[in-house]
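**Q** Read off the chains here:
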Amino acid sequence: MAEDETILVVDDEKVIRDGCSLILKPHGYRVVTAANGQEALEVLASQPVNVVLCDLKMPVMGALEVLEEAGRRFPDIPIIIITGHGTVDDAVECMKKGAYDFVTKPFRIDHLTLCVNRALEKQRLERETRRLQEEQARNLYSLALEQSRLHTIVNHMGDGLLVTNRDLEVVLLNRAFRQFLDLSAPPPLPGPLSAFFPDVGLQETLESLLSNPQRDPEACLVQDFCQGRLHLRALSAPFFGPEQELLGTVTVFHDVTSFKELDRLKTDFVNMVSHELRSPLSAIKMQHAVLLEGLAGELTGKQQELLHRAQARIQGLIDLITDLLDVAKIESGHRTLEQVPLSLGPVLVEVTDLLSAKALGQGVDLRLVTPPDLPPILGDRRSMEEVFTNLVTNAINYSPDGGEVKVSAAFNGNFVEVRVADTGIGIEAEEIPKIFDKFYRIKSPKTRQIIGSGLGLAIVKTIVEMHRGRIEVESQVGRGTTFQVSLPVAPPARNGEHGET
Amino acid sequence: MAKKYILIVDDDPDLVETVSMLLESKGYEVGKAYDGIEGEEAIKKRRPDVLVLDVMMPRKNGYQLCKELKSNKWTSDIPIILLTAVGDAVPTTTYSHAEGMSIEAEDFLPKPVEAQTLVEAVERLL
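Protein sequences appear in the order of chains C and P.
In this note's numbering, each residue carries its 1-based index in the first sequence increased by 3.
In this note's numbering, each residue carries its 1-based index in the second sequence increased by 47.
Next up, chain C with everything else stripped away, as it sits in the complex (with noise of 0.2 Å):
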């Protein structure tokens, strides 16, 4: 055992300190020897010492000197007294001096091993003890400097935070959301949550929050609420003690009064422009439908010819207005999109009848294959029309000599597969990358008649997106394009989900 402790025996006789060594070094201590008080003073200064047998009575300096000294400059160093039968008495003395035990002269193996380990364990246990108490206090002293952060973070953050129990009851709330609830005298903590937050909405979702705890420490339930004038987000999640026992709830408010006053503002200023835009153009679109009826004359061929271009670009403009209109309402996330169960199939087949005529007029053959069994899903159908309107626009109007439009839908796994395919002018390799890019339209002397905004792919990416779907896209100039939108199939059934993540 204990190969590393060291003993020194301090004794002026020879006989004594190697009749230690010889005792101890087979228990496995490293023995070192002095032979007076001054020596001993000397090696306990150059090197570790665990424990020291010292004779009590030696010339240069004795034990009781040692013992001083000892004490003073190595106060854990537990000392035993060597002494003869005759000397008890300064034994007890050196006892009451600090030492920590005596052995008499001639003195049995035994004994002075039992002592020499009885010191050392007293040692361990005293510099153990020692390492605990500084542990703790340096425990309690971080623990305490944590709380002091944590107390001023969570009191001078601008977002306001709710704390619940599992009884959802509140049991901490900060400054900001005492002052987002107009609380200057707040109930008593803990209290239940309809005395902090009125609306029930809240309540609801921690329940089932607390019913239906989501381990994934990123999920979290968003909510809007309306406090007076302030427009409150709620974002709102479970925590967990360290065995994965659910505690309670944390909420945390973000005043988004100036952002929804913002957004009003821009939704307020597009709608008036888009308005005013819209008015006198679809007057002037109007007055041309007079002049090419004729209700204001006989107009000649070049005459007609000129106001049937006027009338296509003025559509074109409307139709620019309407798409502005439409990507201001989705960016600012004003256009909510419904989540419901929804079959392709009809939609399909309306926007296909609804272009039907357009197709015809410029010689396209525009077709339709769907399968009846075609899997819901989760979307909105008036998006949903206008992307699958916007894709097959584009392809009849890119198929400027007519040809074929094949609009197809399959179930491929989890994913309802539509294709839009024509036969057109197709789109060189390094512009596809691009055409997603709003106000993007690529020129050539090809395109040159076709009239649009360049908003609508960038509107049915977003769409498309905002569904959780994708859309490709294959072409060879000459040969046609293809895109295909993939939206993920309903779920069978969703309950107890309510939330975003």
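Taking lysine-lysine pairs in the DSS-like style, the calculated list, with each CA pair at most 30 Å apart, reads:
no. : chain 1 : residue 1 : chain 2 : residue 2
1   : C       : Lys464    : C       : Lys446
2   : C       : Lys305    : P       : Lys73
3   : C       : Lys288    : P       : Lys79
4   : C       : Lys288    : P       : Lys73
5   : P       : Lys50     : C       : Lys288
Calculated directly from the structure, the hints in this document are not laboratory data.
Since the model is a prediction, treat every value here as computed from it, not as a measurement.
Chain C is fixed; fit chain P onto it per the hints.
**A** Only chain P this time, still in chain C's reference frame:
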């Protein structure tokens, strides 16, 4: 047989002129008014067979006039086409959608309206 009389009430003179040219070309007689009050007076002078009524107008808006006409037993059976831009184009404070939904008009056409669509709507009500 006397010509059918259509009254158009809209504060956009271009729209009024154009629509009336179109309708006149179809053989109807057309009256013109440029806000709700003028519209009211025109109706008092001559009862229209169809009333084309814009919603957003100064002095008296289309909703108000429509409501008044429908609640008066002498005028409640005049067919009304409301030109609504209200759905998406206007801040909803003055012309609320809910108000529009509660209005009893015979037809609603969203603005901007196509000439052909308007003519067809008028002819459906004659």
